[in-house]
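Build the full structure now, drawing on both the sequences and the hints.
Protein chains: 2
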Amino acid sequence: MGDKPIWEQIGSSFVQHYYHIFDTDRTQLGSLYIDASCLTWEGQQCQGKTAIVEKLSSLPFQKIQHSITSQDHQPTPDSCILSMVVGQLKADEDPIIGFHQIFILKNISDAWVCTNDMFRLALHNYG
Amino acid sequence: MGDKPIWEQIGSSFVQHYYHIFDTDRTQLGSLYIDASCLTWEGQQCQGKTAIVEKLSSLPFQKIQHSITSQDHQPTPDSCILSMVVGQLKADEDPIIGFHQIFILKNISDAWVCTNDMFRLALHNYG
Chain A
1 MGDKPIWEQI GSSFVQHYYH IFDTDRTQLG SLYIDASCLT WEGQQCQGKT
51 AIVEKLSSLP FQKIQHSITS QDHQPTPDSC ILSMVVGQLK ADEDPIIGFH
101 QIFILKNISD AWVCTNDMFR LALHNYG
Chain B
1 MGDKPIWEQI GSSFVQHYYH IFDTDRTQLG SLYIDASCLT WEGQQCQGKT
51 AIVEKLSSLP FQKIQHSITS QDHQPTPDSC ILSMVVGQLK ADEDPIIGFH
101 QIFILKNISD AWVCTNDMFR LALHNYG
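Protein chains in written order, with full-length UniProt numbering: chain A, 1 to 127; chain B, 1 to 127.
These are calculated hints, taken from the structure and not from any lab test.
Hints may be right or wrong, so weigh each one.
The list cannot tell twin chains apart, which means a pair is met if one copy fits it or any two copies do.
[As the list claims (entries may be wrong)] The calculated lysine-lysine pairs, modelled on DSSO-like cross-linking and capped at a C-alpha distance of 27 Å, are:
(1) Lys55 x Lys4
(2) Lys90 x Lys63
(3) Lys4 x Lys49
(4) Lys49 x Lys90
(5) Lys55 x Lys90
(6) Lys49 x Lys63
Computed from a prediction, not measured in an experiment: that's the story for all the values here.
Here you go:
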């Protein structure tokens with residue numbers, strides 16, 4: 001980790017933490033968002049910690065497991081971090097499916113929180 | 001367009017403009033970036049208008065055509081716009097392939113420029 005730029009260390013720690021919580025108990029994701037946070041999930045928008053956790057908690061599966069194929073991180077001019085994750089997930093007994101997700105992380109009161117989150121399944125993009 | 005939020009109008013206009021220039025003459029993309037802009041192209045990072053245009057111009061194809069499958073846009077807390085594009089592209093006579101790309105747009109001197117750009121082909125993500 002030591003040789004990597006700081007935004008990459010922070011971004012990849014966040015990503016690891018996010019999917020760990022998502023896969024173990026996604027009702028606990030609220031601490032990663034703030035009331036200004038936006039989520040766009042498969043084109044559906046919602047805003048705010050409460051609405052986001054409600055959306056993620058109500059997704060229709062019991063078990064889920066994410067695995068990451070690639071992740072890219074960049075610093076933004078406003079001292080945020082932009083992260084793009086490409087990976088695969090397995091929900092319940094469904095077939096494995098690809099997904100991509102992006103996050104903007106912002107440092108607020110010495111903690112990194114997610115202000116923007118977009119998720120799409122890789123359903124219709126096979127070339 | 002009138003009913004859509006302003007960030008969605010700006011984001012989708014930018015996306016349309018970007019791929020139009022990319023597909024007709026990608027050496028002209030410089031006006032969309034600034035010297036602080038970051039590009040991560042298939043995991044390779046470069047920074048600054050000049051380096052980005054050099055990278056995009058040197059990609060090994062003559063003809064390219066993008067088509068967009070989905071696009072999502074969000075406002076960020078720092079008055080930027082975050083856009084995620086999923087689509088397909090055809091380069092020269094190669095088979096059509098999926099891609100995903102994200103942009104952060106920032107208003108500088110009354111123009112929207114791209115400060116952050118990440119691109120990945122959907123090569124290894126078929127589930």
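Now the hints, each set against the structure:
{"no.": "1", "hint": "Lys55 x Lys4", "in the structure": "between (34 Å within a copy, 22 Å between copies)"}
{"no.": "2", "hint": "Lys90 x Lys63", "in the structure": "within (8 Å within a copy, 37 Å between copies)"}
{"no.": "3", "hint": "Lys4 x Lys49", "in the structure": "between (31 Å within a copy, 23 Å between copies)"}
{"no.": "4", "hint": "Lys49 x Lys90", "in the structure": "within (25 Å within a copy, 40 Å between copies)"}
{"no.": "5", "hint": "Lys55 x Lys90", "in the structure": "within (19 Å within a copy, 36 Å between copies)"}
{"no.": "6", "hint": "Lys49 x Lys63", "in the structure": "within (22 Å within a copy, 45 Å between copies)"}
Every hint from the earlier list agrees with this structure, and none is contradicted.
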